[in-house]
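Engineer: Turn these sequences into a full structure, and let the hints guide you.
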Amino acid sequence: MKQQDEFPGIDKKLPYREPVDFFEGLSEKTLQQAKLREQRRRKSLVLWRTVVVAASVSGLALLGYFMPEPEKPEIQQIVQEKLPVEQPQIINQEKAKQPEVAEIPKTATEKVPETIDAKETAVEEIADVLADLSDEELLQLAAMYKADPFKSESEQ
Amino acid sequence: MNETSDAYLFSLIKDPASKDKGFLQLMDAYKRPLYWHIRRLVVSHEDAEDILQETFINVYRFADSFKGESKVFTWLYRIATNECTKHFRKNKNWLKNAELITDQMIGGLSGSDSDNSEAMLVKFQQAILKLPEKQRMVFNLRYYDELSYEEISQILDSSVNTLKTNYHYASEKIKQYLIEQA
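Chains as they are written, first to last, in the numbering used here: chain A, 333 to 488; chain B, 3 to 184.
Hints in this document: simulated from the structure, not taken from any laboratory. Ideal Cβ placement from N, Cα and C applies to all residues, glycine included. Among these hints, one or two may not hold up.
Simulated restraints on C-beta separations [unchecked claim]:
id, chain 1, residue 1, chain 2, residue 2, range
1, A, Ala387, B, Asp66, 27 to 35 Å
2, B, Lys136, A, Ala393, 47 to 55 Å
3, A, Ala387, B, Ser7, 46 to 54 Å
4, B, Thr164, A, Arg374, 35 to 43 Å
Chain A residues, not near chain B, derived (Cβ > 10 Å throughout) [stated by the list, open to error]:
id, residue
5, Glu338
6, Lys367
7, Glu370
8, Lys375
9, Ala386
10, Ala393
11, Tyr397
12, Phe398
13, Glu401
14, Ala463
15, Leu465
16, Ser466
Below 20 Å or equal to it, Euclidean Cα-Cα: the simulated PhoX-like pairs (lysine-lysine) are [stated by the list, open to error]:
id, chain 1, residue 1, chain 2, residue 2
17, A, Lys344, B, Lys23
18, A, Lys361, B, Lys33
19, B, Lys132, A, Lys345
20, B, Lys177, A, Lys345
21, A, Lys367, B, Lys33
22, A, Lys361, B, Lys23
Structural biologist: Given below as structure tokens:
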């Protein structure tokens with residue numbers, strides 16, 4: 333071999349020795365180790381999966397707790413944005429329309445009921461007074477009416 | 003081990019019913035060459051034993067992912083070499099420990115002729131340990147395991163030309179070291 337020529341006088345053997353019977357039972361021992369490692373790996377894999385699932389569930393729960401209704405603020409904002417614009421328009425429109433509708437009836441209707449009401453209340457008051465009077469008082473009142481010196485001739 | 007028997011072993015390993023049987027046969031076939039490949043790189047027997055076990059545990063776990071695109075032994079060497087690289091990264095003092103082992107070996111030898119040849123082997127190993135990591139790997143795979151550059155290329159994921167250069171520099175450095183130590 334070319335390599336042997338490169339280093340004449342040096343064998344390819346090593347100065348190291350393996351312990352006696354080192355290779356005996358090594359294969360079986362390694363197989364047991366390999367199986368044990370595989371079992372541990374599977375167990376830790378199951379454990380990790382459980383931890384990951386639990387962490388994701390609790391993460392989602394926390395997320396849900398801290399952000400309960402993410403759309404609400406947007407709706408409020410929209411309402412806040414729209415209300416100041418639309419509401420004054422409606423109010424202004426109402427205000428603009430109200431005088432046209434309300435002013436006309438006020439002049440036509442409001443004054444008439446006032447006079448009727450005054451007469452009605454006066455009649456009611458006289459009737460109430462007369463109702464409260466006794467028969468004697470009524471007779472006296474009638475006598476006073478007949479003997480009224482300021483009464484005109486046409487009325488008598 | 004030929005490719006037909008490798009393919010048969012992997013057909014056993016990929017079947018859950020015969021996985022353990024196939025694994026034991028594969029390990030019996032490759033544990034010695036892989037142990038010595040690892041031992042040459044890490045020197046310490048304890049480290050080599052741990053890395054060998056770790057290599058075969060990985061083989062057991064990832065056997066299903068072996069598609070048969072490369073030879074079984076290059077796949078196994080690749081896993082073992084990666085485990086050695088991990089070991090070098092994790093244990094920064096591994097080289098000091100390895101040099102200590104070789105120093106102790108030389109110190110334990112007496113002055114007979116057989117001990118002289120043994121001392122030469124240890125010095126040769128010391129020279130290899132002085133090499134940079136990549137050159138050490140290439141030299142070991144080429145010199146001891148007698149793999150072709152194409153096979154080493156599959157193991158170390160490098161181009162053939164780079165490997166040839168690495169081997170050339172490694173052998174020159176070893177010669178220089180042996181001359182200095184003589």
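Engineer: Now look at each hint and say whether the structure bears it out.
Structural biologist: Verification of the hints:
1. Checked against the hint of 27 to 35 Å, the pair A:Ala387 and B:Asp66 passes, with Cβ atoms roughly 30 Å apart.
2. Taking the beta carbon of each, B:Lys136 and A:Ala393 are about 53 Å apart, inside 47 to 55 Å as hinted.
3. For the pair A:Ala387 and B:Ser7, the beta carbons lie near 48 Å from each other, so the given range of 46 to 54 Å is met.
4. For B:Thr164 and A:Arg374, the hinted distance range of 35 to 43 Å is satisfied, since their beta carbons lie about 41 Å from each other.
5. Not every beta carbon of chain B lies more than 10 Å from that of A:Glu338, the smallest distance being close to 6 Å; the non-interface claim is violated.
6. At the 10 Å boundary, the C-beta of A:Lys367 falls inside the reach of chain B, the nearest C-beta of that chain being 8 Å off.
7. Here A:Glu370 does not stay apart from chain B, with its beta-carbon only about 7 Å from theirs, under the 10 Å limit.
8. With a least CB separation of 15 Å from chain B, A:Lys375 remains clear of the 10 Å interface cut-off, as annotated.
9. The Cβ of A:Ala386 lies farther than 10 Å from every Cβ of chain B, with a closest approach of about 27 Å, so its non-interface assignment holds.
10. Distance check on A:Ala393: its Cβ is at least 37 Å (rounded) from any Cβ of chain B, clearing the 10 Å threshold; non-interface status holds.
11. Non-interface status of A:Tyr397 relative to chain B is upheld: no Cβ of that chain comes within 10 Å, the nearest being about 42 Å off.
12. Under the 10 Å C-beta cut-off, the non-interface status given to A:Phe398 relative to chain B holds; the minimum distance is some 42 Å.
13. Every C-beta of chain B lies more than 10 Å from that of A:Glu401, the closest at about 49 Å, which supports listing it as non-interface.
14. A:Ala463, annotated as away from the interface, keeps every beta carbon of chain B farther than 10 Å; the closest lies near 117 Å.
15. Distance to chain B confirms A:Leu465 as a non-interface residue, since its nearest Cβ pair spans about 123 Å, more than 10 Å.
16. Under the 10 Å C-beta cut-off, the non-interface status given to A:Ser466 relative to chain B holds; the minimum distance is some 125 Å.
17. Taking the CA atoms of A:Lys344 and B:Lys23, the gap is near 34 Å; set against the 20 Å cutoff, the hint is violated.
18. Restraint check for A:Lys361 and B:Lys33: satisfied, since their Cα atoms lie roughly 13 Å apart, inside the 20 Å limit.
19. Annotation: proposed proximity of B:Lys132 to A:Lys345 holds, straight-line Cα distance about 19 Å (limit 20 Å).
20. Between B:Lys177 and A:Lys345, the direct Cα distance comes to roughly 18 Å. Compliance with the 20 Å bound is thereby established for this hinted pair.
21. At most 20 Å may separate the alpha-carbon atoms for a hinted pair to count; A:Lys367 and B:Lys33 meet this at roughly 18 Å.
22. Restraint check for A:Lys361 and B:Lys23: satisfied, since their Cα atoms lie roughly 14 Å apart, inside the 20 Å limit.
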